[in-house]
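Going line by line, the protein sequences match chains A and B. At position 272 of the first sequence the residue is numbered 272 (my numbering), and the sequence of numbers has no breaks. At position 269 of the second sequence the residue is numbered 269 (my numbering), and the sequence of numbers has no breaks.
It is worth saying that the hints were derived from the structure and are not from the lab. Careful, some of the hints might be misleading.
The list treats identical chains as interchangeable, and a pair is accepted whether it falls inside one copy or across any two copies.
[Unchecked claim] Subject to a maximum C-alpha distance of 30 Å in a straight line, what follows is the list of computed DSSO-like cross-link-like pairs (lysine-lysine):
id	residue 1	residue 2
1	Lys235	Lys173
2	Lys4	Lys277
3	Lys253	Lys27
4	Lys235	Lys27
5	Lys277	Lys68
6	Lys191	Lys173
7	Lys253	Lys277
8	Lys60	Lys219
9	Lys277	Lys287
10	Lys153	Lys287
2 protein chains.
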Amino acid sequence: MNTKTITVAQYGIGPIGAEITRLLLTKSWVKLVAAVDIDPDKIGKDVGEVIGLGREVGVKVTGELGVKADVICHSTGSRLRDVAGQLKALLERGSHVVSTCEELSFPLDQKIREDLQQVARAAQVTLLGTGVNPGFVMDKLPLTITSVCQEVKSVEIIRIQNASTRREPLQRKVGAGMTTAEFRAAVDSGKIKHMGLRESLMLVGHGLGVEFESISDEKIEPIVADREVTTKYLKVAKGQVAGVHQTIYGKGKINVSLELRMYVGAEAVAADRVIVKGVPDVTMEIKDGVHGDRATAAMVVNSIPRVMQARPGVLTMDDIPVSFR
Amino acid sequence: MNTKTITVAQYGIGPIGAEITRLLLTKSWVKLVAAVDIDPDKIGKDVGEVIGLGREVGVKVTGELGVKADVICHSTGSRLRDVAGQLKALLERGSHVVSTCEELSFPLDQKIREDLQQVARAAQVTLLGTGVNPGFVMDKLPLTITSVCQEVKSVEIIRIQNASTRREPLQRKVGAGMTTAEFRAAVDSGKIKHMGLRESLMLVGHGLGVEFESISDEKIEPIVADREVTTKYLKVAKGQVAGVHQTIYGKGKINVSLELRMYVGAEAVAADRVIVKGVPDVTMEIKDGVHGDRATAAMVVNSIPRVMQARPGVLTMDDIPVSFR
Chain A
1 MNTKTITVAQ YGIGPIGAEI TRLLLTKSWV KLVAAVDIDP DKIGKDVGEV
51 IGLGREVGVK VTGELGVKAD VICHSTGSRL RDVAGQLKAL LERGSHVVST
101 CEELSFPLDQ KIREDLQQVA RAAQVTLLGT GVNPGFVMDK LPLTITSVCQ
151 EVKSVEIIRI QNASTRREPL QRKVGAGMTT AEFRAAVDSG KIKHMGLRES
201 LMLVGHGLGV EFESISDEKI EPIVADREVT TKYLKVAKGQ VAGVHQTIYG
251 KGKINVSLEL RMYVGAEAVA ADRVIVKGVP DVTMEIKDGV HGDRATAAMV
301 VNSIPRVMQA RPGVLTMDDI PVSFR
Chain B
1 MNTKTITVAQ YGIGPIGAEI TRLLLTKSWV KLVAAVDIDP DKIGKDVGEV
51 IGLGREVGVK VTGELGVKAD VICHSTGSRL RDVAGQLKAL LERGSHVVST
101 CEELSFPLDQ KIREDLQQVA RAAQVTLLGT GVNPGFVMDK LPLTITSVCQ
151 EVKSVEIIRI QNASTRREPL QRKVGAGMTT AEFRAAVDSG KIKHMGLRES
201 LMLVGHGLGV EFESISDEKI EPIVADREVT TKYLKVAKGQ VAGVHQTIYG
251 KGKINVSLEL RMYVGAEAVA ADRVIVKGVP DVTMEIKDGV HGDRATAAMV
301 VNSIPRVMQA RPGVLTMDDI PVSFR
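Excised from the complex, chain A in its bound form (with noise of 0.2 Å):
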């Protein structure tokens, strides 16, 4: 596959859009063309300033986008009717548009999902929402697994992350300090939740060509330490809460069940792990598990050759081929 230079814009700079935009700035077939966020401090300066990168790489933030690129890199939120309206505007300019919106892996709002069909079919371009998770580990993975089996029954899909080794943000987020109680009032108020768990649970079913005949309520239940753990950021006291297990699954002609586990002090079992019953049967594992910061950044500018390449529309991980560019 050759690539020839591709122009990008970065829509949101925030954490991942910064890691997201560092990446862009490596690849010889990218050229950065603008950097859009809504934060007053940040428009005006040089995008390199922003993202910490100490040189200036002749690109300013802007408020709004004022150039055409090939394709935009979108990461302003996790849900998809907050950035729809974005999302729309951005594919009439008649871009590209691949976006870390965890909603967006596979659109359940069929209301939002063919408005933007419309929109991307209309101007000739593909919208594509990717990311490690959802976008991978629990879904494009296991899926691109299953081509050998001639024969499925069931996927069985686990994560572990060990929290431990993550930003202090994604340890305070999964409730590692709390106390049990704590941990469910957060789960309550929406506080405690991996997005996308549920979306990675539809586009494995939807890929397999399997109509679930029931689908599980999604489950987040605290992970409590069985010993203190201190991290770099903080410290589990045995009996706090370390972190967050979370599950779903699909029954139909073949089972589906995604078990999420991340917490601090899981350095010992971290991976992810695939589990196909069939014929053959497969069991694969990453030792350690893909670590989620870096691998978000990279499914994104990875994912942008292969959209290029695409058909118009609203696309899911499960419509392209993938791999390092």
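Please build the complex by placing chain B on the supplied structure of chain A, with the hints as guidance.
Same frame as chain A, now just chain B:
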């Protein structure tokens, strides 16, 4: 992905073609419309009988393809120059072709590739070479895994297959039971060689966007039994050959190495492994390895809906997404 009924013809009813045909007949979205073979003993018989199904399926084996099919599954040979004429003729009929020809997985003969490219594009159809190896475990799967990486320094791909669980011809083909002298003579005469390892290397390099500065020779060495090994079909004494060890590597901006070990008595160590050094590192293992015989047919059949959606021309596995269907 909804799959409408796809008409499929099987071209070549040897052991792999028979396995593909058996699988095609289990798929609700496939209508088998023809089965072709040159063997006079097979021609005129119902294909269900020929593949040992114990029932008629209403399709008689013919010596020539007489009907139009959306997709033709082609399985008649490993070498591109031997099958290029067949492939061209099938493409000219306006059918997509999915072939198990190992050298088609990444056509290295540019003259043949260009010929096929022109024919496929003129007829607006797709030609794909696939299988489990080449086609998946040592090329498509490693490429897919690298998509989580911001940087890739090297990719090490190791496949250790336990030949004890494979059919007799394969155990013979890896040299089990030979003396090392017999093995080396068989290598020299081209009788012992896993086809497609070089193609897998080149496919991985191409997918990663790296032009190798140097490519090693393909090394084929005996694996000598360190104990007596008995299989269903043969016995290997200590000191005799248990199987084959085949390696190739490319050096460049990214180093890629492929190592295939296929021998009897490998039950304790059988695995498929991909070790990516980069940002982040990724170490993947499929326990016991993907069993070859069933998986090749699976890859062919699971690729059919993807080829129907792909762009015309000569494609590789790096150009299409895959999953069980």
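Here is how each hint holds up against the structure:
1. Within a single copy, Lys235 and Lys173 get their C-alpha atoms as close as 14 Å, which meets the 30 Å cut-off; across copies the closest is 59 Å, which misses it.
2. Proximity of Lys4 and Lys277 under a CA criterion of 30 Å is satisfied inter-copy only: 26 Å between copies versus 42 Å inside one chain copy.
3. With identical chains, the CA atoms of Lys253 and Lys27 are at most 30 Å apart between copies only, with a shortest distance of 14 Å across copies and 43 Å within one.
4. Neither within a single protomer nor between protomers do Lys235 and Lys27 lie at most 30 Å apart by alpha-carbon distance, with minima of 39 Å and 54 Å respectively.
5. With identical chains, the CA atoms of Lys277 and Lys68 are never at most 30 Å apart, being 47 Å at best within one copy and 36 Å at best between copies.
6. In this assembly of identical chains, Lys191 and Lys173 lie within 30 Å of each other by CA distance solely inside one copy; the values are 7 Å within and 59 Å between copies.
7. Taking identical chains as interchangeable, the C-alpha atoms of Lys253 and Lys277 lie at most 30 Å apart only when both belong to the same chain, with a minimum of 13 Å there against 38 Å between chains.
8. Proximity of Lys60 to Lys219 under the C-alpha cut-off of 30 Å is found in neither arrangement, the shortest distances being 44 Å within a copy and 53 Å between copies.
9. Taking CA atoms no more than 30 Å apart as the test, Lys277 paired with Lys287 passes in both settings, with 21 Å inside one copy and 13 Å between copies.
10. For a Cα distance limit of 30 Å, the shortest separation of Lys153 from Lys287 qualifies both inside one copy, at 25 Å, and across copies, at 18 Å.
In terms of the numbered hints stated before, the structure departs from hints 4, 5 and 8, listed from lowest to highest.
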